[in-house]
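Here the numbering used here is used: position 237 in the sequence shown is 237, and no number is missing along the way.
Worth flagging that the hints you see were computed from the coordinates, not collected in a lab. Worth double-checking, as some hints may not be accurate.
Said to hold, decoys possible - Pair by pair, the computed Cβ-Cβ distance ranges are:
(1) Arg48 x Ser226: 12 to 22 angstroms
(2) Glu4 x Thr245: 38 to 48 angstroms
(3) Asp91 x Leu207: 22 to 32 angstroms
What the hints assert, rightly or not - Below, in silico cross-link-like pairs of lysine to any residue (SDA-like), each with a Cα-Cα straight-line distance of 20 angstroms or less:
(4) Lys130 x Asp87
(5) Lys190 x Asn158
(6) Lys76 x Ala65
(7) Lys76 x Met53
(8) Lys76 x Pro22
(9) Lys76 x Leu56
(10) Lys142 x Arg69
(11) Lys190 x Phe238
(12) Lys76 x Thr15
(13) Lys76 x Gln44
(14) Lys130 x Thr106
(15) Lys190 x Leu90
(16) Lys76 x Gly24
(17) Lys167 x Asp88
(18) Lys130 x Asp36
(19) Lys142 x Glu4
(20) Lys182 x Gly234
(21) Lys182 x Lys142
(22) Lys167 x Glu202
(23) Lys142 x Ala65
(24) Lys76 x Ala31
(25) Lys167 x Asp91
(26) Lys76 x Leu18
(27) Lys142 x Gly92
(28) Lys76 x Ile141
(29) Lys142 x His109
C-beta atoms are modelled at their ideal positions from N, C-alpha and C, and glycine is treated no differently.
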Amino acid sequence: MADETRLIHGFHAVTAKLRHDPAGVREICLAAGRQDGRMRELVQLAERHGVRMVSLDAARLDGMAPGGRHQGVVAKVAAQQKYLTVDDVLDGLTEPALLLALDGVTDPHNLGACLRVADAAGAHAVIAPKDRACGLNATAIKVASGAADTVPYLVVTNLARTLRDLKERDIWTIGAAGEAGKDLYAIEQKGATAWVLGAEGEGLRRLTRETCDELARIPMYGAVESLNVSVAAGICLFEARRQRTI
Numbered sequence: 001m002a003d004e005t006r007l008i009h010g011f012h013a014v015t016a017k018l019r020h021d022p023a024g025v026r027e028i029c030l031a032a033g034r035q036d037g038r039m040r041e042l043v044q045l046a047e048r049h050g051v052r053m054v055s056l057d058a059a060r061l062d063g064m065a066p067g068g069r070h071q072g073v074v075a076k077v078a079a080q081q082k083y084l085t086v087d088d089v090l091d092g093l094t095e096p097a098l099l100l101a102l103d104g105v106t107d108p109h110n111l112g113a114c115l116r117v118a119d120a121a122g123a124h125a126v127i128a129p130k131d132r133a134c135g136l137n138a139t140a141i142k143v144a145s146g147a148a149d150t151v152p153y154l155v156v157t158n159l160a161r162t163l164r165d166l167k168e169r170d171i172w173t174i175g176a177a178g179e180a181g182k183d184l185y186a187i188e189q190k191g192a193t194a195w196v197l198g199a200e201g202e203g204l205r206r207l208t209r210e211t212c213d214e215l216a217r218i219p220m221y222g223a224v225e226s227l228n229v230s231v232a233a234g235i236c237l238f239e240a241r242r243q244r245t246i
């Protein structure tokens, strides 16, 4: 049977795939004539892993990644994703970790949207428990609009235990909770951070809440009392990103 492939694009996605699963990269298509530092680094990484590279013009690349910002890089990768652990992801990072953990998100549309947000914010992984979660099904993958290929989705047996493991690796775990005394803008997030969010309306489970290093709320100025989990995730992750730039 032919080896099924799918396309991923952008420097972040392709570089992450090369680092975590180089055997799953079948071919990398590069913008002809682009030779800046970022491109040279990617080429060197691909050469180290013996990955085939071809040069294509911009029109061809645009056709391979319609509507996407391919940045001059499109890769053909194995359709079946390699199983990754939390340690696999953390051990391959070159910057402080930025993670999103989801507790009780059972709607695949919400999961797909969370993956898109995580990709946009440069989060290194989305973590969810095996139980009380929808899983990365076809609906979630479609809603994610490619982010299911760029952001590792890590399924763990026990979320509270995983959060404790993150804390042992000096990753600060922050639970989003409407009743928290601090708002997210009052918490320093320049170092390794994991945001933990529950489903809209239900929030975090008790044990998950108690395991977090601290809780924070998103200040609400209107009449609504809660936000969709993907919207809340975007606010939290982008605040962490903003703090890293100042």
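Okay, the hints, checked on the actual structure:
Between Arg48 and Ser226 the CB atoms are about 47 angstroms apart, so this pair departs from the stated range of 12 to 22 angstroms. For the hinted restraint 38 to 48 angstroms between Glu4 and Thr245, the CB-CB distance of approximately 39 angstroms keeps it satisfied. Checked against the hint of 22 to 32 angstroms, the pair Asp91 and Leu207 passes, with Cβ atoms roughly 27 angstroms apart. Proximity of Lys130 to Asp87 is assessed by CA-CA distance (about 17 angstroms); at most 20 angstroms being required, the pair is judged to hold.
A threshold of 20 angstroms between alpha carbons decides the hint, and for Lys190 with Asn158 the separation of about 27 angstroms lies outside it, so the pair is violated. Using a Cα cut-off of 20 angstroms, the hinted pair Lys76 and Ala65 holds, with the two alpha carbons roughly 11 angstroms apart. This hinted pair checks out: Lys76 and Met53 have alpha carbons roughly 10 angstroms apart, not beyond 20 angstroms. The straight-line distance between the Cα atoms of Lys76 and Pro22 is roughly 11 angstroms, inside the 20 angstroms bound, and the hint therefore holds.
Our distance criterion of 20 angstroms between C-alpha atoms is met by Lys76 and Leu56, whose separation comes to about 14 angstroms. With a CA separation close to 18 angstroms, the supplied pair Lys142 and Arg69 stays within the 20 angstroms bound. A distance of roughly 12 angstroms separates the Cα atoms of Lys190 and Phe238; the hinted pair therefore holds under the 20 angstroms criterion. Under the criterion of a C-alpha separation no larger than 20 angstroms, the hint pairing Lys76 with Thr15 is consistent with the structure, at around 13 angstroms.
Of the pairs offered as hints, the one joining Lys76 and Gln44 holds, with about 18 angstroms between alpha carbons and a cut-off of 20 angstroms not exceeded. Proximity of Lys130 to Thr106 is assessed by CA-CA distance (about 11 angstroms); at most 20 angstroms being required, the pair is judged to hold. For the hint linking Lys190 to Leu90, the alpha-carbon distance of about 17 angstroms falls within 20 angstroms, and the restraint holds. Restraint check for Lys76 and Gly24: satisfied, since their Cα atoms lie roughly 9 angstroms apart, inside the 20 angstroms limit.
Straight-line distance between C-alpha atoms of Lys167 and Asp88 comes to about 16 angstroms, which keeps the hinted pair within the 20 angstroms bound. With a C-alpha separation of about 42 angstroms, the suggested pairing of Lys130 with Asp36 is violated against the 20 angstroms cut-off. Annotation: proposed proximity of Lys142 to Glu4 holds, straight-line Cα distance about 18 angstroms (limit 20 angstroms). Using a Cα cut-off of 20 angstroms, the hinted pair Lys182 and Gly234 holds, with the two alpha carbons roughly 18 angstroms apart.
A threshold of 20 angstroms between alpha carbons decides the hint, and for Lys182 with Lys142 the separation of about 36 angstroms lies outside it, so the pair is violated. The straight-line distance between the Cα atoms of Lys167 and Glu202 is roughly 24 angstroms, outside the 20 angstroms bound, and the hint therefore fails. Between Lys142 and Ala65, the direct Cα distance comes to roughly 15 angstroms. Compliance with the 20 angstroms bound is thereby established for this hinted pair. As the CA atoms of Lys76 and Ala31 are separated by approximately 15 angstroms, the hinted pair is consistent with the 20 angstroms bound.
A C-alpha spacing of about 15 angstroms is found between Lys167 and Asp91, which places the hinted pair at or below 20 angstroms, so the restraint holds. Taking the CA atoms of Lys76 and Leu18, the gap is about 11 angstroms. The hint holds against a cut of 20 angstroms. Proposed proximity of Lys142 and Gly92 is contradicted: the alpha carbons are some 27 angstroms apart, above 20 angstroms. Note on Lys76 and Ile141: the hinted pairing holds, with a Cα-Cα distance of about 17 angstroms set against a maximum of 20 angstroms.
For a cut-off of 20 angstroms, the pair hint linking Lys142 to His109 stands: about 9 angstroms separates their Cα positions.
In summary, the structure is inconsistent with hints 1, 5, 18, 21, 22, 27 from the numbered list given earlier, while agreeing with the others.
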